[in-house]
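*Asks:* Since the structure of chain A is already known, use the hints to place chain B on it.
So the protein sequences, as listed, match chains A and B. Per the numbering used here, the very first residue in the first sequence carries number 979; after that it's consecutive. Per the numbering used here, the very first residue in the second sequence carries number 979; after that it's consecutive.
FYI, nobody ran anything at the bench for these hints, they're computed from the structure. Be aware that a few hints might be false.
Because identical chains cannot be distinguished in the list, a pair is counted as satisfied if it fits within a single copy or across any two copies.
What the hints assert, rightly or not - Computed list of lysine to aspartate or glutamate pairs in EDC-like fashion (alpha-carbon distance at most 20 angstroms, straight line): (1) K1380 with E1264; (2) K1480 with D1158; (3) K1600 with D1125; (4) K1128 with E1528; (5) K1622 with E1070; (6) K1480 with E1420; (7) K1044 with E1528; (8) K1256 with D1158; (9) K1128 with D1593; (10) K1622 with E1637; (11) K1551 with D1536.
These numbers were taken from a predicted model, which means no experiment stands behind them.
Protein chains: 2
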Amino acid sequence: MNPPPNITDPLVLFMPSGKRGRFPKGTPVLDAARQLGVYVESVCGGRATCGRCQIEVQEGQFAKHKITSSLDHISPVGPKEERYDRVRGLPEGRRLSCSATIEGDLVVDVPQDTVINAQVVRKDADTRHIERMPAVQLCYVEVEEPDMHKPLGDLDRLKAALVRDWGFDTLDADFHLHADIQRLLREGNWAVTAAIHRDRDTERPRIIAVWPGLKNEAYGIACDIGSTTIAMHMVSLLSGRVAASAGVSNPQIRFGEDLMSRVSYVMMNPDGREAMTKAVRQAVSELVDKVCAQGNAHREDILDSVFVGNPIMHHLFLGIDPTELGGAPFALAVSDAVSCRADDIGVELNRGARTYLLPCIAGHVGADAAAVTLAEGPHRQDRMMLIVDVGTNAEIVLGSSKRVVAASSPTGPAFEGAEISGGQRAAPGAIERVRIDPQTLEPRFRVIGSELWSDEPGFADAVSGTGVSGICGSGIIEVIAEMFLAGIISEDGVVDGALAAKSPRIVQTGRTFGYVLSDGEPRITITQNDVRAIQLAKSALYAGTRLLMEKMGADRVDAIRFAGAFGSFIDPKYAMVLGLIPDCDLDAVSAVGNAAGTGARMALLNRSHRREIEDTVRRIEKIETAIEPRFQEHFVNAMALPNKVDAFPNLARHVALPERTQSPDSGASGAPRRRSREERAARRSRS
Amino acid sequence: MNPPPNITDPLVLFMPSGKRGRFPKGTPVLDAARQLGVYVESVCGGRATCGRCQIEVQEGQFAKHKITSSLDHISPVGPKEERYDRVRGLPEGRRLSCSATIEGDLVVDVPQDTVINAQVVRKDADTRHIERMPAVQLCYVEVEEPDMHKPLGDLDRLKAALVRDWGFDTLDADFHLHADIQRLLREGNWAVTAAIHRDRDTERPRIIAVWPGLKNEAYGIACDIGSTTIAMHMVSLLSGRVAASAGVSNPQIRFGEDLMSRVSYVMMNPDGREAMTKAVRQAVSELVDKVCAQGNAHREDILDSVFVGNPIMHHLFLGIDPTELGGAPFALAVSDAVSCRADDIGVELNRGARTYLLPCIAGHVGADAAAVTLAEGPHRQDRMMLIVDVGTNAEIVLGSSKRVVAASSPTGPAFEGAEISGGQRAAPGAIERVRIDPQTLEPRFRVIGSELWSDEPGFADAVSGTGVSGICGSGIIEVIAEMFLAGIISEDGVVDGALAAKSPRIVQTGRTFGYVLSDGEPRITITQNDVRAIQLAKSALYAGTRLLMEKMGADRVDAIRFAGAFGSFIDPKYAMVLGLIPDCDLDAVSAVGNAAGTGARMALLNRSHRREIEDTVRRIEKIETAIEPRFQEHFVNAMALPNKVDAFPNLARHVALPERTQSPDSGASGAPRRRSREERAARRSRS
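Bound conformation, chain A alone (with noise of 0.2 angstroms):
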């Protein structure tokens, strides 16, 4: 224990984590730090050659910290920085925390951002800072030589010294080491780097590898399995920067397009299973070499791993038959965060290296929506928030810190493109914006691939590579929201055969009409079929979330978020009008694209949000739409344009909504009045 603070001892502010305390004068800042729980990298054991503990000293007076902090107040730079200076380079301004001493009230600035030896520092989507607490740690120390008088064995002199320099109580030790401990010491000259893996804090920390000599630095990579797609990305353990990332289609694709039809193919396949297991592993590995290769690093250098992905792909992944999964009741194999080591599910990385998935919320909210929740922590904060997570099964998530519920929603693959007459993937050539003139109900548009709409000059010379060749998810919302906003189709979702006499775009098909929106080769039209599946999935989805306002009783969400690549590219003014979420603040409606990854990610930078999303999944209420009684009515419900029972002030801020036809069945008394299309069209020409 150390003694208790003296008043009189300097006063230490750690930022950003603004911990703070008081330290006798000469205690090295890194000392300051961990006592304090100020996450702070070292690999050398201060020994200042490895240049991870680097920090800055603010100067001024912090009147709201009621301290003064000076460059006085830190030792002067010593020998052991100079040497590190000369030989390594030491950014302005910086400092060794294992040499600076503190010599007065000081401030002190944790870089979070620090990118130490890095050859390549990339820009990824995501920038936020993570805070770094790893389940893998390097450790370097110089351990004793062999003495016949104590006869340790090389392993538990090698233990002895991380007890020693490294305040660890015990450690146990990977099997693969015994074998291999003799020739790392003798390479290294008796100094060698362990690699120390301890997730848990009750767990026994273990040393899972070890380096002859410093290691400097260790990666880690975080992956998203998603049906259609799989990203990775490698990132440092010791700075938290993305050192590469990558993505691949995924194989099993070839076994099913949508999830269900991989698990018919299990079903009636006998080595389906274990043939999708293979194929995803391969391209996990393939991955691995990918951003190995971009990131200047070996297999070897990645020490842990995380991955997330819906159920059935976590299943598939691990090596679980996901037959339960295709049918009720739903249940999955294991819930839990799996932790095990990489060798287990043969992904092949460092041989000691480690592997964690996040946990499933229930049968068909996975371990994705588990990284969504973690990275956009509903949890954490006091606000209604909801998250959707849309695919051919919506992951839908509602809460603050006081509750959280869960649940999925069957919305079907409209919303992806298909069950759409010109329905196809996200891809150059495809439609994914949309504007149709009020008065003339004439289209204009923008395709995958180029930045012009279709009415400005240039736009058949941008588009000649591919052609307009569909529409994609984005822009099917957007056409039938401004179909609905121009008057063309009615809240219940008709298109109006009536306006053929006044545009052409009107077409007759079959007994139902439709909406020419490209006339060019394919000719796309919207026809009452696409109308009613987007229709079907945007009322599945809403019922879902009303379900959860309902089991919340909520009645408001202060804030939207829409994960996944479908979210990233929707609008959410028009996402609304459609009715897919319910009123909101537009400002607090955002997509957060690849979410999973930052919260897989986050769950690999710092363990303690490992122990965080398993408790907030455990207290996840799950709600299982297909047994609740309400579901079918919220459903049906919402099946009008936006819908008909709620009330929608912020949208109406933003669009003119048209009338609704029947009065709401409850709760509407707050809606505003619905204007005739042409006080609408007067509006929009306004804004």
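*Replies:* Using the frame of chain A, we list chain B on its own:
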């Protein structure tokens, strides 16, 4: 926490542990045992189906314990016990402690020799009682079926059931179970037996195997890997009984007869280490087949394993290069106990089976010596105990509960019959017992394979199969001791050529004389060189012992244990006459056979013995004879018979030692007067 016991509650005393406590009437006896930490096996979790928790009530007044126990003080046999008795049979007087409740003061006997469900009952050489607290425990549970409202995974519901019924706080599970758990739970109709591994108390318990329904037996193996012989016991982890025992020659012999030649083989052959590792693991695997066949079990029934061996065997078995052990500083790669999965060492048992290797004491004092120490327990008693395990190296442990020291001495192979002109391994035809008439100098002897002495009628017929082929270790000890007692060799080990005039048994060979022990074919002569070889060996052993005694400040030992095969056959009296061991009450000198195997079984059946030997080995003071200046001095002093310095008061009560020809250097003031050859002959003829 339990409420504090009420003084009016019945008092229950458990035997043989002597643990006691007060419990409210109606408490199941099993619960009382658990609360007191008395280990009573139970697999079914109190369902009265496994029958493992049997106890007996002792009737009568136990004055010493101030308790009167009566059969009236336990609940009458209830319907569950009646059912068990009907179906499986309950021995007279036995009760199921999960069902029988405390109704008054009780003395409860926990039968430690219980052989329940035993199909084979074997008498093992060492029938010592080992209190059971194995690292692996079987737990039967009924698991909740999947529920859409509580979408916990199968494995998670299994864990929850184990937490609920068996009081675990939290559990991990081996990775391979993730893929199997669906099938296992459904096959068992949601009732399964889980094998839980927990070695250290600080470790999270871990599910390592699962069977559908009730599984009521599980085994462990305890294996001593000797350089000559590998011996294995298969033991029930539930009852402690030895279900099978088998042995096989160590196939590494083809790479080198003794340890050093095996190390040389590794040094000279690039694949030498691998070949020897493979050979020993293959032999172990064959032994597993043997014990399974003998014990009517399957490999999957084996859940735990303990191995011991000298450092070189230990390293080769683990796949570690033993070269470092071949020269100073004799550095072990690992000295502490090794815990791993049986998979890791390539031994195919149950997929989740674990392996434990006892710690090595020093570079020449291995896990086998640790096992012997555990079995004989010098650290558990107050008297000063000497343990010697004689092989090419003698491993010597000396100590008491206060302090333990250990060393090895380079005895060389003479005791094993090598380097002796007529020497051979202990096998039929080898002379193992020798008597020499001090008057006539005529010998008589016995050979392995016959109970007859060579001067008894029928001896020639009895040994006609093998003849008298040579002399083994115990025979060499006896013949040289008898030659000394008969005056054929002097205190200094010189064969007295003058006696050639008296007896044709004394023959000249070159410049020295020898003694013809057997004049058949082959003629077996004990040469001067043979005597010298034994003198060198015994001096090394004795010098090691003396060094340890000196370190301990001990001038005598209270008990001596000979471990290993060699020790099983030698007569302690002759060992003492030759001066292999210091003087000691002959009644306190005994051979303990395969004590290493016993120690391995103890570590298998009771994990607290693992902690005990780990702690003991850490505390043992290791003496490296090679660098101890005093060793050489002791060695020189010990060359004489029995030796030059010590008194042998205990031995002198049994045999008449020849007079010392030189006055002892020191410390022999208490030595008895040495008698002349004639006096001695007269004395012996009386005894």
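*Asks:* It remains to establish, for every hint, whether it holds in the given structure.
*Replies:* These are the hints, each one checked on the structure:
1. When the C-alpha separation of K1380 and E1264 is checked against a cutoff of 20 angstroms, the pair qualifies neither within a copy, at 42 angstroms, nor between copies, at 61 angstroms.
2. Taking the closest pair of Cα atoms, K1480 and D1158 never come within 20 angstroms of each other, the shortest separation being 82 angstroms inside a single copy and 65 angstroms across copies.
3. Taking the shortest Cα distances, K1600 and D1125 sit within 20 angstroms of each other only across copies (11 angstroms), while inside one copy they are farther apart (60 angstroms).
4. In this homomeric assembly, K1128 and E1528 come within 20 angstroms of each other (Cα to Cα) only across copies, at 19 angstroms, whereas the closest approach inside a single copy is 69 angstroms.
5. In this homomeric assembly, K1622 and E1070 never come within 20 angstroms of each other (Cα to Cα): the closest approach is 63 angstroms inside a single copy and 77 angstroms across copies.
6. Taking CA atoms no more than 20 angstroms apart as the test, K1480 paired with E1420 passes inside one copy only; the shortest distance there is 11 angstroms, against 137 angstroms between copies.
7. Within a single copy, K1044 and E1528 get their C-alpha atoms no closer than 47 angstroms, and across copies no closer than 67 angstroms, so neither meets the 20 angstroms cut-off.
8. For the identical chains of this complex, K1256 and D1158 are inter-copy neighbours only, at 17 angstroms across copies versus 30 angstroms inside a copy, given an alpha-carbon limit of 20 angstroms.
9. In this assembly of identical chains, the alpha carbons of K1128 and D1593 lie at most 20 angstroms apart only when taken from different copies (15 angstroms versus 46 angstroms within one copy).
10. In this homomeric assembly, K1622 and E1637 come within 20 angstroms of each other (Cα to Cα) only inside a single copy, at 11 angstroms, whereas the closest approach across copies is 119 angstroms.
11. Within a single copy, K1551 and D1536 get their C-alpha atoms as close as 15 angstroms, which meets the 20 angstroms cut-off; across copies the closest is 93 angstroms, which misses it.
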